[in-house]
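Peer 1: Below, each chain spelled out in residue letters.
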Amino acid sequence: MAVTPADFDYISKIVREQCAIVLEKGKEYLVESRIMPLVHQEKLESIENLVKKIKQEPRGSLKDAVIEAMTTNETSFYRDIHPFETLKKEIFPELIEKRKAKRELNIWCGASSSGQEPYSLVMLLKNDFPQLNSWNLSFSASDISNQMLNRCKSGIYSQLEVNRGLPAPLMVKYFERIGTEWQVKEELRKMVQFRIINLSEAWPTMPQLDLVMMRNVLIYFDVEMKKNILGRVRKLLRPDGYLFLGAAETTLNLDENFERMPFKQSGCYRLKQG
Amino acid sequence: MQLYETEICEYTESIWKNILDLEVKKIEENYCPAEGESILAGCVHISGEWEGTIALDCPAELAKKITSIMFKLTEDELSSDLIQDALGELTNMTGGNIKSLLPEPCYLSLPAVTMTEYGLKIPGSELITTVTFKCWGYKFKVSILKKKEPVASKN
Amino acid sequence: MRALVIDDSRAIRLILVQILKALKFEVIEAGHGLEALEKLKESGPLDLALVDWNMPEMNGYEFVCEVRKDDRYKDMKLMMVTTETEMAQVIKALEAGANEYVMKPFTKDMIVEKLTIMGIDVG
Ligand SMILES: C[S@@+](CC[C@H](N)C(=O)[O-])C[C@H]1O[C@@H](n2cnc3c(N)ncnc32)[C@H](O)[C@@H]1O
Numbered sequence: 415m416a417v418t419p420a421d422f423d424y425i426s427k428i429v430r431e432q433c434a435i436v437l438e439k440g441k442e443y444l445v446e447s448r449i450m451p452l453v454h455q456e457k458l459e460s461i462e463n464l465v466k467k468i469k470q471e472p473r474g475s476l477k478d479a480v481i482e483a484m485t486t487n488e489t490s491f492y493r494d495i496h497p498f499e500t501l502k503k504e505i506f507p508e509l510i511e512k513r514k515a516k517r518e519l520n521i522w523c524g525a526s527s528s529g530q531e532p533y534s535l536v537m538l539l540k541n542d543f544p545q546l547n548s549w550n551l552s553f554s555a556s557d558i559s560n561q562m563l564n565r566c567k568s569g570i571y572s573q574l575e576v577n578r579g580l581p582a583p584l585m586v587k588y589f590e591r592i593g594t595e596w597q598v599k600e601e602l603r604k605m606v607q608f609r610i611i612n613l614s615e616a617w618p619t620m621p622q623l624d625l626v627m628m629r630n631v632l633i634y635f636d637v638e639m640k641k642n643i644l645g646r647v648r649k650l651l652r653p654d655g656y657l658f659l660g661a662a663e664t665t666l667n668l669d670e671n672f673e674r675m676p677f678k679q680s681g682c683y684r685l686k687q688g
Numbered sequence: 187m188q189l190y191e192t193e194i195c196e197y198t199e200s201i202w203k204n205i206l207d208l209e210v211k212k213i214e215e216n217y218c219p220a221e222g223e224s225i226l227a228g229c230v231h232i233s234g235e236w237e238g239t240i241a242l243d244c245p246a247e248l249a250k251k252i253t254s255i256m257f258k259l260t261e262d263e264l265s266s267d268l269i270q271d272a273l274g275e276l277t278n279m280t281g282g283n284i285k286s287l288l289p290e291p292c293y294l295s296l297p298a299v300t301m302t303e304y305g306l307k308i309p310g311s312e313l314i315t316t317v318t319f320k321c322w323g324y325k326f327k328v329s330i331l332k333k334k335e336p337v338a339s340k341n
Numbered sequence: 014m015r016a017l018v019i020d021d022s023r024a025i026r027l028i029l030v031q032i033l034k035a036l037k038f039e040v041i042e043a044g045h046g047l048e049a050l051e052k053l054k055e056s057g058p059l060d061l062a063l064v065d066w067n068m069p070e071m072n073g074y075e076f077v078c079e080v081r082k083d084d085r086y087k088d089m090k091l092m093m094v095t096t097e098t099e100m101a102q103v104i105k106a107l108e109a110g111a112n113e114y115v116m117k118p119f120t121k122d123m124i125v126e127k128l129t130i131m132g133i134d135v136g
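Protein chains in written order, with my numbering: chain A, 415 to 688; chain B, 187 to 341; chain C, 14 to 136.
Be careful, since some hints might not be right.
[Unchecked claim] Heads up, simulated PhoX-like pairs for lysine-lysine below, C-alpha to C-alpha not over 25 angstroms straight-line: (1) A/Lys678 x A/Lys512; (2) C/Lys37 x A/Lys502; (3) A/Lys678 x C/Lys37.
Rather than coming from a laboratory, the hints here were simulated on the basis of the structure. Note that this is a predicted model, so its numbers are computed, not measured.
Model the full assembly from the supplied sequences, consistent with the hints where possible.
Peer 2: Quick look at the structure:
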């Protein structure tokens with residue numbers, strides 16, 4: 415069922431206001447395919463009726479449901495693999511060496527979706543850097559979506575999800591089977607603090623960070639919001655800390671204080687030195 | 187709710203979606219083949235801590251369509267051994283996944299596929315779960331049959 | 014690169030062969046473990062084998078054990094692609110020397126991602 419230009423404008427407006435995601439003209443198909451299931455679920459018959467209902471109850475839960483439906487949660491364990499190889503071979507060994515006096519490491523995943531990214535990191539730390547067990551590790555992971563937050567906390571994945579990108583030796587080491595699904599073991603789940611952070615609004619206070627993962631989320635924002643977020647990341651990052659962006663993202667032409675590291679297809683950046 | 191009904195739905199939907207790119211949906215009515223309709227029945231046996239059979243009954247017409255998807259052939263290029271192969275593999279995937287929910291250890295047999303007119307009958311087994319699905323205009327069903335315990339003799 | 018696809022289902026072999034050919038593999042097929050060992054003798058060591066578990070004559074687990082006994086094949090990557098999905102089975106296969114494990118049903122993306130994490134460059 416087609417969305418009228420007026421309803422499309424209204425939906426893109428609330429999506430932009432709530433989470434900064436930009437829906438340009440031409441994305442009507444996306445709105446239709448993502449919103450129609452919600453229309454059916456709410457027994458509303460058309461997108462037009464749904465828009466009417468949101469306008470009548472601007473504080474209702476329907477607005478959140480639209481935001482949930484319009485965000486892309488696509489993710490997988492060790493997505494794109496190269497960034498994680500770089501973390502294993504270059505970044506963590508360097509950071510561990512530099513921080514060995516204070517034995518402290520602060521990490522933030524800024525768009526964790528259903529949790530595969532933070533858990534990929536936690537498994538890597540546990541498996542390859544066991545010396546960190548006695549360190550003071552602060553690891554937080556956040557997303558705008560409540561639904562995603564609950565999935566992160568549960569650490570439960572379907573067979574299809576654990577089939578994607580998760581090395582089998584790590585699966586048998588760090589997962590348990592429950593019914594048809596697979597759950598990350600509790601010792602790993604409790605290493606991460608999951609919370610809601612809307613990147614387009616004010617962020618809670620965070621410690622100075624050694625590593626920021628901000629992958630495959632900037633891509634949805636307009637230039638101003640991208641600059642704004644990179645600017646705030648810059649202030650949170652320690653001078654020798656690292657930022658990872660998604661494969662289709664860059665700081666180029668957005669924030670000249672970052673420089674790209676020459677690691678293979680890793681999207682790894684740090685602040686310009688000196 | 188029958189035993190493992192939700193899990194059967196989950197696995198069946200996932201197998202048909204990922205291997206065939208077909209959406210299948212559970213329906214409430216039971217699949218009872220019409221008189222004279224030819225049916226293909228795929229089954230795998232499970233032995234070990236749990237003994238029984240997982241069966242997939244499907245109209246021959248639907249089996250042909252599935253086979254043509256899996257082999258990327260038109261329906262008149264198909265031979266009966268290709269159809270048996272395709273249905274056998276779907277049964278194997280269904281049975282293997284259901285096996286993982288049963289008490290360990292259990293062992294899976296190779297799949298067997300037969301043409302019948304009434305659906306598969308397995309003597310000495312009782313039907314514990316059967317779920318009917320719809321795909322295009324066709325119905326098919328997945329069943330779990332448990333081997334009956336030998337009746338303990340009196341005295 | 015050269016790969017062996019071992020599965021008793023022709024349908025599954027066809028799907029896997031097409032995935033690998035699209036990644037520029039040269040592919041050999043076998044319907045069970047014994048046939049696979051025969052073909053391996055003719056071809057010499059390959060880069061990769063995708064191995065089903067339940068098959069007639071010789072199952073995939075036994076095939077992995079056989080291959081891992083022979084030093085000539087030590088660099089060959091072995092990936093189970095099977096409907097055996099119990100944790101105990103995954104562990105058993107890894108302990109026997111399999112490098113990776115995919116649980117059926119699978120998609121093309123899953124196979125490609127698993128090849129990548131085994132260090133096979135799929136371009
Ligand atoms: C495509 S996923 C990326 C997941 C993961 N980082 C990865 O690369 O695989 C994008 C995530 O960004 C979240 N997101 C979208 N807008 C956001 C915002 N304004 N603040 C925080 N998270 C947001 C979505 O909910 C979604 O889970």
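Peer 1: Please name the hints from earlier in the document that this structure breaks, with their numbers sorted from lowest to highest.
Peer 2: Those not satisfied come down to hint 2.
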